[in-house]
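Peer 1: Listed here are the chains, written in short residue letters.
Number of protein chains: 2
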Amino acid sequence: MSEDLLLMIPGPTVVPSRVTRAMSAPILPHRGKEFSDMFVEQMDRLKKVFRTKNDVYILCGSGTAAMEASLSNTISSNDKVLCLINGKFSERFSEIASNLKANVIELQFEWGIPVNVKSVKEALDKNTDIKAVTMVFNETSTGVRNPVEEVGEIVRGTDAILIVDTISALGGDVFESDLWNVDICVSGSQKCFAMPPGLAFISVSDKAWRVIDANDSMAYYLNLKNYRKDKSHAPYTPPVSLIYGLRESLDIIDEEGLENRWERHKDMANIAREGIKALDMELFCSDEAYCSNTVTAVKAPDYLDVALLRKTLRTRFGIEIAGGQAHLKGKIFRIGHMGVISEREVNSVLTSIELVLEEM
Amino acid sequence: MSEDLLLMIPGPTVVPSRVTRAMSAPILPHRGKEFSDMFVEQMDRLKKVFRTKNDVYILCGSGTAAMEASLSNTISSNDKVLCLINGKFSERFSEIASNLKANVIELQFEWGIPVNVKSVKEALDKNTDIKAVTMVFNETSTGVRNPVEEVGEIVRGTDAILIVDTISALGGDVFESDLWNVDICVSGSQKCFAMPPGLAFISVSDKAWRVIDANDSMAYYLNLKNYRKDKSHAPYTPPVSLIYGLRESLDIIDEEGLENRWERHKDMANIAREGIKALDMELFCSDEAYCSNTVTAVKAPDYLDVALLRKTLRTRFGIEIAGGQAHLKGKIFRIGHMGVISEREVNSVLTSIELVLEEM
Numbered sequence: 040m041s042e043d044l045l046l047m048i049p050g051p052t053v054v055p056s057r058v059t060r061a062m063s064a065p066i067l068p069h070r071g072k073e074f075s076d077m078f079v080e081q082m083d084r085l086k087k088v089f090r091t092k093n094d095v096y097i098l099c100g101s102g103t104a105a106m107e108a109s110l111s112n113t114i115s116s117n118d119k120v121l122c123l124i125n126g127k128f129s130e131r132f133s134e135i136a137s138n139l140k141a142n143v144i145e146l147q148f149e150w151g152i153p154v155n156v157k158s159v160k161e162a163l164d165k166n167t168d169i170k171a172v173t174m175v176f177n178e179t180s181t182g183v184r185n186p187v188e189e190v191g192e193i194v195r196g197t198d199a200i201l202i203v204d205t206i207s208a209l210g211g212d213v214f215e216s217d218l219w220n221v222d223i224c225v226s227g228s229q230k231c232f233a234m235p236p237g238l239a240f241i242s243v244s245d246k247a248w249r250v251i252d253a254n255d256s257m258a259y260y261l262n263l264k265n266y267r268k269d270k271s272h273a274p275y276t277p278p279v280s281l282i283y284g285l286r287e288s289l290d291i292i293d294e295e296g297l298e299n300r301w302e303r304h305k306d307m308a309n310i311a312r313e314g315i316k317a318l319d320m321e322l323f324c325s326d327e328a329y330c331s332n333t334v335t336a337v338k339a340p341d342y343l344d345v346a347l348l349r350k351t352l353r354t355r356f357g358i359e360i361a362g363g364q365a366h367l368k369g370k371i372f373r374i375g376h377m378g379v380i381s382e383r384e385v386n387s388v389l390t391s392i393e394l395v396l397e398e399m
Numbered sequence: 040m041s042e043d044l045l046l047m048i049p050g051p052t053v054v055p056s057r058v059t060r061a062m063s064a065p066i067l068p069h070r071g072k073e074f075s076d077m078f079v080e081q082m083d084r085l086k087k088v089f090r091t092k093n094d095v096y097i098l099c100g101s102g103t104a105a106m107e108a109s110l111s112n113t114i115s116s117n118d119k120v121l122c123l124i125n126g127k128f129s130e131r132f133s134e135i136a137s138n139l140k141a142n143v144i145e146l147q148f149e150w151g152i153p154v155n156v157k158s159v160k161e162a163l164d165k166n167t168d169i170k171a172v173t174m175v176f177n178e179t180s181t182g183v184r185n186p187v188e189e190v191g192e193i194v195r196g197t198d199a200i201l202i203v204d205t206i207s208a209l210g211g212d213v214f215e216s217d218l219w220n221v222d223i224c225v226s227g228s229q230k231c232f233a234m235p236p237g238l239a240f241i242s243v244s245d246k247a248w249r250v251i252d253a254n255d256s257m258a259y260y261l262n263l264k265n266y267r268k269d270k271s272h273a274p275y276t277p278p279v280s281l282i283y284g285l286r287e288s289l290d291i292i293d294e295e296g297l298e299n300r301w302e303r304h305k306d307m308a309n310i311a312r313e314g315i316k317a318l319d320m321e322l323f324c325s326d327e328a329y330c331s332n333t334v335t336a337v338k339a340p341d342y343l344d345v346a347l348l349r350k351t352l353r354t355r356f357g358i359e360i361a362g363g364q365a366h367l368k369g370k371i372f373r374i375g376h377m378g379v380i381s382e383r384e385v386n387s388v389l390t391s392i393e394l395v396l397e398e399m
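Same order as they appear, the protein sequences are chains A and B. One point on numbering: in the working numbering, the residue at position 299 of the first sequence is 338, and numbering is uninterrupted. One point on numbering: in the working numbering, the residue at position 122 of the second sequence is 161, and numbering is uninterrupted.
If you are wondering where the hints come from, they were derived from the structure by calculation, not from laboratory data. Beta carbons: idealized from backbone N, C-alpha and C, even for Gly. Only true hints are included.
If you anchor each label on the Cβ, the simulated ranges turn out as follows:
1) A:Ala253 with B:Ser116: 15 to 25 Å
2) B:Glu42 with A:Asp326: 47 to 57 Å
3) B:Asp269 with A:Arg249: 37 to 47 Å
4) B:Asp76 with A:Glu294: 30 to 40 Å
5) A:Glu73 with B:Glu327: 30 to 40 Å
6) A:Glu145 with B:Ala64: 36 to 46 Å
7) B:Asn166 with A:Asn265: 25 to 35 Å
8) B:Leu218 with A:Arg355: 49 to 59 Å
9) A:Gly369 with B:Arg383: 53 to 63 Å
10) B:Ser115 with A:Arg249: 27 to 37 Å
Just chain A, with the same shape it has in the complex (with noise of 0.2 Å):
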């Protein structure tokens, strides 16, 4: 066996050398000008990622962090949202909501199947105090990439802002905060970014800062006003050596090109699904033009222990896969291709589980 696992689940994903290394370098003091800059600098640099204009802020925590920062900021008890489920993330939205004590609306949809726009619009239409709708783009839980833009195009006509997770597809696969009109945009650090965990990223929109400034939130860690407050600082101390993977994970980005590394992510989910069918398995997703780009969820054959394959892969390949979560357990297995995933891996991923099933 490797002695280093092959990491190919839904993140966190394998981290290349260069951000290690860069990881390494001593820290700076936080609130000097050498780190400042540094800091600014990405946060600019996200924004071509996130393909915005609007303001993108680096928080130190999940991608939960930031989830819930899009909604403690800009939702109050009794406002109503609208939450868009088909998968553990869009849940855990509405679960977030609740908590706020929000008047919450749950779209839901069969899991493995896109969220439907012409749902969502019905729901709009019947409530126009609606004040957020919140959507995963690339649900984690079962490989399905929801049709943002569509909602986008229909939230956009209303008085509510779209909330969007693309924690695991940001940096891979195509995202387009401002055309798609997307008000709060949240993202994480392990997954396209081929970081290790522990930053979250969000994009606010004027739209989004509007009900923010009217609201009064109780919110003071993730308090998105007391980031906006001095833009060249965190507020609270940041996770410097963090950053400094942060910025060569966006040098690497840079380099390779955002469109083509989208394109790799598209060629990588292919190589996957084609490979999948191929060993005469099923996607879970419903629909193939439906399909996540950075994960690849499979229906387990009724003769498959998944968690036995999980364990052979490990074992003995060293390869590392996830299975399903919540009612999914047993039922399906995920295959991340995500960050600095090449066809090397995937390949290594595709023959190693062709192995597994012929021996069993």
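The hints should help you fit chain B onto chain A, whose structure is shown.
Peer 2: Chain B only, in chain A's frame:
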């Protein structure tokens, strides 16, 4: 000038290369057994540093995240909170409590003077419905070490819980969570643990859990109930590489011995204080018995331009010290001597300051 800056600010501190190297290990799957075992082990080892039998949780965030968690989990609107304030960080507790719409009673003491225990007793006697008392053990902004033990003895006999920020002292100076009756204690990675910023730690007593369980918290990312639910995993993706660093940092603490580490910090503080007095300067802390053992705040003599001193130390000697915060800007400077700082570095700062003063 040295290539690597010698950080003598009160956090972040110099990170030893052992910790840096540890953080370079490949990312483990955060839901797998290997990582989980390591994560649980570090939570357990932290208890020894906190000197507590209570749960200690690891959060991904700055120390402020843990400060907010200590209040957002225990306090709801209109709850009475007594905030003992004698510096910037004790002030922050009050800001967080006000943000949560608590009924905040501020007990203000002059910056540089320790909390007066008698006034605390009077305030608690007068307000028997106080739900939480907040204080900072080691006020980073003033170099004052507050009498937590004495306050703990008073709060213990009431229904209130005692919340203490030990961010800039835990693992460096003597601190006894259980003996001193501290219900919630918060700390962070980038001070006496000599790690990069990004992790916060929080301990919770049974008395505090009863308050938390009876409280209807709106927190999600920082909701401590989510952390208690399954202690074998962080509820949200933890910053894996920083956890590796924490393990190494705790190894270093074990090798030195916690009590020896306390002793070393005390020795370094004595050298710093004696050195400053030998240079004919005055300590900012009103009473040497209450001077911090991790950061020394010095009154700037009239002739001294603090900004120029800091700049000269940085550019000529590669040493970074801190200035004053808020109304103390330009009036004091602060030397951090925490984490892995030894005589070599403290002497180096003192000699360099002496040389700069002579030339001025």
